[in-house]
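Dock chain B against the given chain A, drawing on the hints supplied.
Single-letter residue listing:
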Amino acid sequence: MIVAQALSKRFGNVEAVRQVSFTAPDGRITALLGPNGAGKTTTLRMISTLVQPTGGCAKVDGLDIAAEPLAVRARVGMLSDARGLYARLTARENIAYYGALRGLPADAADRSIARLADLFDMKPLLDRRVDGFSQGERMKVAIARALVHDPPNVILDEPTNGLDVMTTRSLREVIRTLRAEGKCVLFSSHVMQEVSAVCDEIVIVAHGCVVAQGTAEALLAASGRSDLEEAFVHLTGEALAS
Amino acid sequence: MRPAFATVYLKELRDALRDRRTALMVLIASVLTGPVTLILVAHFVSGLEEKAAALEVRLYGAEHAPALVNFLRRNDVKIDPAPEDYAAKVRAGRLDAVIVVPDDFQERWLSGDEAQLEIVYDDSRTDSGPATRQAERLLRAFNRETAMLRMIARGVSPDLADPVKVERVNTATPRQKGAFLVFLIPMFALLSPLLGGMTIAIDSTAGERERGSLEPLLANPVRVSQLVVGKWLAAWTFATGVACLTLGGFALAASLYAERKLAALMAFGAPELAGFVAMALPFAAMTSALQMLICTYGRSYREAQTYVSYLATAITFVPMIVLFTGLKDERWQLAVPVLGQQAVLGRILRGDAFGLADWALPSAIALVIAVACVTLVARLLRDERIVFGRP
Numbered sequence: 001m002i003v004a005q006a007l008s009k010r011f012g013n014v015e016a017v018r019q020v021s022f023t024a025p026d027g028r029i030t031a032l033l034g035p036n037g038a039g040k041t042t043t044l045r046m047i048s049t050l051v052q053p054t055g056g057c058a059k060v061d062g063l064d065i066a067a068e069p070l071a072v073r074a075r076v077g078m079l080s081d082a083r084g085l086y087a088r089l090t091a092r093e094n095i096a097y098y099g100a101l102r103g104l105p106a107d108a109a110d111r112s113i114a115r116l117a118d119l120f121d122m123k124p125l126l127d128r129r130v131d132g133f134s135q136g137e138r139m140k141v142a143i144a145r146a147l148v149h150d151p152p153n154v155i156l157d158e159p160t161n162g163l164d165v166m167t168t169r170s171l172r173e174v175i176r177t178l179r180a181e182g183k184c185v186l187f188s189s190h191v192m193q194e195v196s197a198v199c200d201e202i203v204i205v206a207h208g209c210v211v212a213q214g215t216a217e218a219l220l221a222a223s224g225r226s227d228l229e230e231a232f233v234h235l236t237g238e239a240l241a242s
Numbered sequence: 001m002r003p004a005f006a007t008v009y010l011k012e013l014r015d016a017l018r019d020r021r022t023a024l025m026v027l028i029a030s031v032l033t034g035p036v037t038l039i040l041v042a043h044f045v046s047g048l049e050e051k052a053a054a055l056e057v058r059l060y061g062a063e064h065a066p067a068l069v070n071f072l073r074r075n076d077v078k079i080d081p082a083p084e085d086y087a088a089k090v091r092a093g094r095l096d097a098v099i100v101v102p103d104d105f106q107e108r109w110l111s112g113d114e115a116q117l118e119i120v121y122d123d124s125r126t127d128s129g130p131a132t133r134q135a136e137r138l139l140r141a142f143n144r145e146t147a148m149l150r151m152i153a154r155g156v157s158p159d160l161a162d163p164v165k166v167e168r169v170n171t172a173t174p175r176q177k178g179a180f181l182v183f184l185i186p187m188f189a190l191l192s193p194l195l196g197g198m199t200i201a202i203d204s205t206a207g208e209r210e211r212g213s214l215e216p217l218l219a220n221p222v223r224v225s226q227l228v229v230g231k232w233l234a235a236w237t238f239a240t241g242v243a244c245l246t247l248g249g250f251a252l253a254a255s256l257y258a259e260r261k262l263a264a265l266m267a268f269g270a271p272e273l274a275g276f277v278a279m280a281l282p283f284a285a286m287t288s289a290l291q292m293l294i295c296t297y298g299r300s301y302r303e304a305q306t307y308v309s310y311l312a313t314a315i316t317f318v319p320m321i322v323l324f325t326g327l328k329d330e331r332w333q334l335a336v337p338v339l340g341q342q343a344v345l346g347r348i349l350r351g352d353a354f355g356l357a358d359w360a361l362p363s364a365i366a367l368v369i370a371v372a373c374v375t376l377v378a379r380l381l382r383d384e385r386i387v388f389g390r391p
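Residue numbers (the numbering used here), protein chains in the order written: chain A, 1 to 242; chain B, 1 to 391.
So here's chain A without its partners, still in its complex pose (with noise of 0.2 Å):
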């Protein structure tokens, strides 16, 4: 479960994060949607303890980011919005190497690796130098990678920025597999259709700020629209005139 509360994060004169409160409970798909620039890269990069937040707190499973960030960083598997892999080594070797770097023993993430390369369907590529690989199968990689030590909370970062169609979909089962498994899900994205497709919980935000949250239905009721790109657009539009 990840918890935020009034998470804040002043970069020179610029307020990137104003008092950024929610919450993403296990076993939920939850979803922060805003515009580009909105400040859902750097919460969440607050959130995985790669930045330090300028006030406010926020905690993992209980554990206090800014107290125990290896701790946080152990119960995390974080999609970023930089995915880089290492294209002279193998998908698998890409995998095993974050596999190693958190504890897991050999045997144990050869059968991590066997069951994502089930998941996403990427057997095939897993012995194959990643540097000729496309963009769905760079992401596969990455997000496996992110996923190999199975951790209790997920963290995507505009995971289908660059995807096609059927990876999109693809994608969306291994989102909701992950809940099925009890997981907490937190994923960002600017894009209306990805995040009403598998969402249960929505947060909304604008210029750093949360402007309304709830479920898909909530959300509709509070805004007095039909549809909830009208409600987004509602929403956010309200945040930039105040």
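Rather than coming from a laboratory, the hints here were simulated on the basis of the structure. Note that CB positions come from ideal geometry on N, CA and C, so glycine has one too. Certain hints may be false.
Per the computed footprint, the stretches of chain B lying under chain A, defined by three or more beta-carbons under 8 Å from a beta-carbon of chain A, are [said to hold, decoys possible]: (1) 220–234; (2) 300–306.
Sample of chain B residues with no beta-carbon within 10 Å of chain A, all distances over it, derived [as the list claims (entries may be wrong)]: (3) Met-1; (4) Ala-4; (5) Phe-71; (6) Asp-85; (7) Gly-93; (8) Met-187; (9) Gly-212; (10) Pro-216; (11) Phe-324; (12) Glu-330.
Coordinates of chain B only, in the frame set by chain A:
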């Protein structure tokens, strides 16, 4: 279970070795440096010796100076007539030095007037030096003989013209004559770790950033210091490996020349090789760490490459300073990085005394600098402004 730094170390080594083209290029370059340098130097040294050893002059207008020709023949000097266009050939480097006799030489010489001879040579070509000096020596001897004979004929003691006798006593041992090599081999020894450590130093810092793999790497539950130490050890391993290959190449080439004159100029056998490797090991630790530190500031691979080449240039300058300022080997130099290594390596090559303290001081300083750089890199990678760039 394997510690994290070892995981990083093994991954970086594997990654670097997979880059076949670069690895092969570095391998070939380092193995060939020694033999190629020694072949060139040996050619140069023996060429010099041959030119000076065979007494031979180029004479233009020999028919106007029968007395000089007679003197040269008596001294076993081979006389080659110079062609008409000797001046152009000297300029072109085809002839080293030509003695030119004017038409009226014999008459003036006989009558005791000031007789003139010219030596035509090109000062800008260092390899013409021995032949020029030899021609000058022979003419001076001819001069002295003529003067002596004339003084005796007038009943004057020839010693009057030579009140001080000058004799040359050269104290340099044959090894010390290889001063050129004493400069060159340490320079390669100091530059080869830079070549070896470069690829990993760049790839594991600026390369990670450019590739977008730095952020996910830092999100692992591992201390940054572990990551940095693993990367540094990998760069150090490569730097040391390339240094050993380069020095091994020199030792191998030197053994092939063991029978020749070069061997008298410079010994580079097993003891010297061991001394060099002992010096290179801690030095490579320092250069790899320095390379990583400056590459951490590089936003791209290319930018980091530029920074690294500045470092190489800076390190090349130190031996140059020693060469051009004629800095003498003194104690304080041991405490200055690069200068200290240069001084000790020179001592090893010259066959001078070399104690444990001479190794320990420069090496300890190199290791301290290495640890400082590694600590600094780890600190930089904990800084979000360095990792994510300035927003």
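Under the constraints set out in the numbered hints, which ones does this structure not fulfil? As far as the earlier hints go, 2, 3, 4, 9 and 10 are violated by this structure, in ascending order.
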